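Whole structure, please, built from the sequences with the hints as guidance.
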Amino acid sequence: MAVIAETGPDTRNLIARLWSNQQARSVIIQIVALTVVFAAFGFILRNVVINLENVGKEFNFSFFLYPAAYDITFSPFIEYSSRSTHLRAAVVGILNTMLVAACGIVLATIMGFIMGILRLSTNWLVNRLVYCFLEFTRNVPVLLHILFIHGLIVIQLPVPKMALNFADSFFLTNRGFYIPQPVWEPGAGIVAAAFVISVVFVVFFVRWAKKVQDETGRVYPVFLISTGAIVGATAVAFLAAGMPLSWSFPELKGFNFTGGLAIKPEFIALWLALSYYTSCFIAEIVRAGILAVSHGQTEAAYALGLRPNRTLQLIVIPQALRVIVPPLASQYLNLTKNSSLAIAIGYMDVVATVGGITLMQTGKEMETMMVVLLIYLTFSLVISGFMNWFNRKMMLVEREAKKKRAFFSFKTGTGEDS
Amino acid sequence: MRPLNVLAASVAVAALTVAGAASAGTLDDVKARGVLRCVVSTGIAGFAYPDANGVWKGFDIDFCRATAAAVLGDPTKIKAVTSTGKTRFTLLNAGEGDVLWRNTTITFSRDVGVKLRFHGVNYYDGQGFMVKKALGVTCATQLDGASICIQTGTTTELNLADYFHANGMKYEAVTIETNDEARQNYISGRCDVYTTDASGLAATRSTFTDPDNHIVLPEIISKEPLGPATRQGDAQWSDIITWVLNATITAEEKGITQANLDSMKSSKDPEVLRLLGVEGSQGVELGLSKDWAYNIIKAVGNYGEIFERNIGVNTPIGLERGLNALWTDGGLQYTPPFR
Chain A
1 MAVIAETGPD
11 TRNLIARLWS
21 NQQARSVIIQ
31 IVALTVVFAA
41 FGFILRNVVI
51 NLENVGKEFN
61 FSFFLYPAAY
71 DITFSPFIEY
81 SSRSTHLRAA
91 VVGILNTMLV
101 AACGIVLATI
111 MGFIMGILRL
121 STNWLVNRLV
131 YCFLEFTRNV
141 PVLLHILFIH
151 GLIVIQLPVP
161 KMALNFADSF
171 FLTNRGFYIP
181 QPVWEPGAGI
191 VAAAFVISVV
201 FVVFFVRWAK
211 KVQDETGRVY
221 PVFLISTGAI
231 VGATAVAFLA
241 AGMPLSWSFP
251 ELKGFNFTGG
261 LAIKPEFIAL
271 WLALSYYTSC
281 FIAEIVRAGI
291 LAVSHGQTEA
301 AYALGLRPNR
311 TLQLIVIPQA
321 LRVIVPPLAS
331 QYLNLTKNSS
341 LAIAIGYMDV
351 VATVGGITLM
361 QTGKEMETMM
371 VVLLIYLTFS
381 LVISGFMNWF
391 NRKMMLVERE
401 AKKKRAFFSF
411 KTGTGEDS
Chain B
1 MRPLNVLAAS
11 VAVAALTVAG
21 AASAGTLDDV
31 KARGVLRCVV
41 STGIAGFAYP
51 DANGVWKGFD
61 IDFCRATAAA
71 VLGDPTKIKA
81 VTSTGKTRFT
91 LLNAGEGDVL
101 WRNTTITFSR
111 DVGVKLRFHG
121 VNYYDGQGFM
131 VKKALGVTCA
141 TQLDGASICI
151 QTGTTTELNL
161 ADYFHANGMK
171 YEAVTIETND
181 EARQNYISGR
191 CDVYTTDASG
201 LAATRSTFTD
211 PDNHIVLPEI
221 ISKEPLGPAT
231 RQGDAQWSDI
241 ITWVLNATIT
251 AEEKGITQAN
261 LDSMKSSKDP
271 EVLRLLGVEG
281 SQGVELGLSK
291 DWAYNIIKAV
301 GNYGEIFERN
311 IGVNTPIGLE
321 RGLNALWTDG
331 GLQYTPPFR
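The listed protein sequences correspond, in order, to chains A and B. By this note's numbering, the letter at position 318 of the first sequence is numbered 318, and the numbering carries on one by one without gaps. By this note's numbering, the letter at position 57 of the second sequence is numbered 57, and the numbering carries on one by one without gaps.
Because the hints were derived from the structure by calculation, they are not lab data. Quick caveat: nothing in here was measured; it's all calculated off a predicted structure. Glycine included, C-beta positions come from ideal geometry on N, C-alpha and C. What you were told as hints is all true, and nothing was included just to trick you.
Covered stretches of chain B, going by a simulated chain A footprint (3 or more residues, C-beta under 8 Å):
(1) 79-89
(2) 155-162
Derived pair list, reagent style DSS-like, types lysine-lysine, alpha-carbon separation capped at 27 Å:
(3) A:K253 with B:K132
(4) A:K57 with B:K115
(5) B:K77 with B:K31
(6) B:K170 with A:K161
(7) A:K161 with B:K132
(8) B:K77 with B:K265
(9) B:K298 with B:K265
(10) A:K253 with B:K170
(11) B:K170 with A:K264
(12) B:K133 with B:K170
(13) B:K223 with B:K115
(14) B:K254 with B:K290
(15) A:K210 with A:K393
(16) A:K393 with A:K211
(17) A:K161 with B:K133
(18) B:K57 with B:K31
(19) A:K264 with B:K133
(20) B:K254 with B:K265
(21) A:K253 with B:K133
(22) B:K132 with A:K264
Below you can see the structure in the form of structure tokens.
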């Protein structure tokens, strides 16, 4: 009976037959799922169109070319006035977001690595202190950290007239930190050129030194020579060009300091809070990464006579980075996205400009919010693209190094045997 | 709280995307719900603030209560939908509120661009500057180079940019999300100047521990007619809001107060009789009950009573009637007749 049922013609309808085929079934399920997703999108889109029509609003982006009419005081990179367009205001916002994200990523990485390593310290006090700081910071929302730091600066520091004065050049006030600003004079181009040339030289030197080390095992003091070359060449050029540099010092005029470089409290608060908050997560990632490298690796390195410094540098860190980089990328993304909390303290980032004042003044909620979403999406894609590239690079180096080492040990192994 | 504002904006945008088409019959919606949702500020002394028991009070809130009294016959049936300067129109347009009573300036772009309907002026205001007395500043032209706290999403920041641009002066704009935050920054000295509508300055100053150490400069740099707003496309609801406001002002013109309301029902003035629903059917034409205006005055009193109770000279805010006196007393408050 069973044999007949299997070989005889299938009398069921087409769908039932397809359904019993595993491959066809999975295709059907995927088609249905996609249709549902598209239908949902279509429904939302249709609703947007209908609702915008109901309130009588047009969907267009031409408002970006009209004068913004509002002022943004913090625009360190490009000129901006209230006569500029909404587009320019958006660019100011984007640049401000990029500034705080970039500075935040750098500081968070440095602090994170230091704390991660301190967390592994055998010194009980250091270990516990870092542990307490990490746990306290990680478990309080980042917005509160931002408000806390901002409050500290604005409420605790003095007003400009009673600024904390350091040698008449550095001033701490609740309106920002004022420092002397370098002003380049004619001839500065020579110094810059000397700097660039020495950096290029150092890049080649480092590669060459690595090659020599790989081939002969000879180690050059790469760091000392590199620093010496860059500092030396730049200093010589600086003196030769007749010291083309002067300083603009901050000075109290009327209500505020003028001249010098002003670092605004809004920027400092956002930068510090985002950095130390994110650094706590990075510290745990670093600790996990280092612990993931088997202790046998370190012992083997010691047995081969490598000093602890070189062991960390050559054996532990390259292998730990393989574990650290992927979760590190998501922390960088988090930091960038968290920077949108800037509005809480009035730092003019992209949410405060396009997604805030422009939205308000033009009444184009849908358009501005879409632009803000796209901007954050771009930031995220760029960061994760870079981190993926870096990750692949780390993995590749790892494997090559492994192959080389294996090859080397094989040779020595056979040498001893024969 | 700020994250809530961001959230509110997102929710509003989301509401615009997923909510079904907003129905045109706001009046029916409100009646069916039994509660009037007013978009109000997050808290400005005298205008809209929750008291110690969490009950909303203030000038704008009283107008919201007046609307509830007219529509639902009960001034307590209100829900205050709090909004920042930035989120107020989105909340209204997305249907999260029925009417906006939130010291909002009527402007061309808000009327035409943001697609709102405005229904008259319940407070004639203008933008001013407040500074600490110790600064020794006596007029606004001395403010070159100052740091100025402003609330984001307001006409204030545009007027400020225009004023300083026109006078060739520079300033540092410290842009803050809410009135409370701006106040903190001003008190701590992050800013030299706090600028907003003169009524808002008076309200904010009244909450200081040392109001006498702060002065409001004499310059008023803009016209700020503040009034209620609704969504476009609901003529009946627009009429109701317009005439709720007009009813309070007409009541003051006619001398109808909370105290003499019942005796005024036997007045000899036909307009008073029409207003109170003794004669004619004006309330029914609006889609309301006959005694809608009677309910308003019973609940909150006439325009003058609302003003004096919340922000008048005998309150901590201490505002004079000024431009907001009746036209018969040299002010600008004037309404079309109930005829």
